[in-house]
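Whenever a hint applies, use it, and build me the whole structure from the sequences.
For reference, the chains in residue letters:
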Amino acid sequence: QKEVEQDPGPLSVPEGAIVSLNCTYSNSAFQYFMWYRQYSRKGPELLMYTYSSGNKEDGRFTAQVDKSSKYISLFIRDSQPSDSATYLCAMSGNTGKLIFGQGTTLQVKP
Amino acid sequence: ETGVTQTPRHLVMGMTNKKSLKCEQHLGHNAMYWYKQSAKKPLELMFVYSLEERVENNSVPSRFSPECPNSSHLFLHLHTLQPEDSALYLCASSPRPGPNQPQHFGDGTRLSIL
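In the order they appear, the protein sequences are chains A and B.
First residue of the first sequence: 1, per the working numbering; consecutive thereafter.
First residue of the second sequence: 111, per the working numbering; consecutive thereafter.
Be aware that one or more of the hints could be misleading.
Heads up, simulated DSBU-like pairs for lysine-lysine below, C-alpha to C-alpha not over 35 angstroms straight-line [as the list claims (entries may be wrong)]:
id	chain 1	residue 1	chain 2	residue 2
1	A	42	A	56
2	B	132	A	97
3	B	128	A	70
4	A	67	A	109
5	A	70	A	97
6	B	150	A	70
7	B	151	A	67
8	B	151	A	97
Hints in this document: simulated from the structure, not taken from any laboratory.
Written out as structure tokens, the structure is:
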């Protein structure tokens, strides 16, 4: 079983839709949770960073962590074509070693 | 504009060649990382350096040899690579190694082994 599971998609939505991206994990020691966005031919860019359970909002983006279910989500409101990218979840415990999901490819159609 | 710069952006080499990948970070960070990103697979951590000292080698074959001459520069020396080594190689940095240290990535070197 992979430590982090993420549906690779692709996920295609119309412009303006609410997007939900998710990851599940198996290691209960994970405490730090990140979402990265990766455009084609670019490196991953840190989008959101949360510690432990709860929600964090930044503009159109909301990250949620449910440690009891070992489930994290990224919501994108009013999605735009410029949001089309691959979204990577990543998490770590006290060692600091980041474990990544496979990435979900998102396409937002005008 | 990323604070982590990688060169070259693309590299094609034969299995018997020797080449090096370069990474430079302008963020004042003390930890640097090499990752491998293959199609349809999660990022794989290869090496971690803290203040020029290697603190982690994630069971990487010896045909990959890292070098960190100072806290701003990181190299990955390549020799006698295999076709399965074709991938995107990403460099990252963070203020320090360890938890609660988000990593910042460069745009990678796309490596193709003939």
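(message) For residue 67 of chain A and residue 109 of chain A, compute the direct alpha-carbon distance and say whether it is at most 35 angstroms.
(response) Distance ~33 angstroms between residue 67 of chain A and residue 109 of chain A Cα, so the pair holds.
(request) Compare the distance between the alpha carbons of residue 70 of chain A and residue 97 of chain A with 35 angstroms, and conclude whether the hinted pair is satisfied. (result) Judged against 35 angstroms, a Cα distance of about 18 angstroms means the pair holds.
(message) Just to be careful, I want the Cα atoms of residue 151 of chain B and residue 97 of chain A compared with a cutoff of 35 angstroms; is the pair within it?
(response) holds, 17 angstroms
(request) Please work out if residue 151 of chain B and residue 67 of chain A have their alpha carbons no farther apart than 35 angstroms. (result) The given pair, whose Cα atoms are some 24 angstroms apart, holds under the 35 angstroms limit.
(message) What's the verdict on residue 150 of chain B and residue 70 of chain A, does the C-alpha distance respect the 35 angstroms limit or exceed it?
(response) holds, 23 angstroms
(message) Would the hint linking residue 132 of chain B and residue 97 of chain A be met if the CA-CA limit is 35 angstroms?
(response) holds, 22 angstroms
(request) Below or equal to 35 angstroms on CA atoms is what counts here, so check residue 42 of chain A against residue 56 of chain A. (result) Holds - the C-alpha atoms of residue 56 of chain A and residue 42 of chain A are around 25 angstroms apart, at most 35 angstroms.
(message) Next pair to validate is residue 128 of chain B with residue 70 of chain A; report whether the Cα-Cα distance is within 35 angstroms.
(response) violated, 44 angstroms
Of the hints listed earlier, the one the structure fails to meet is number 3.
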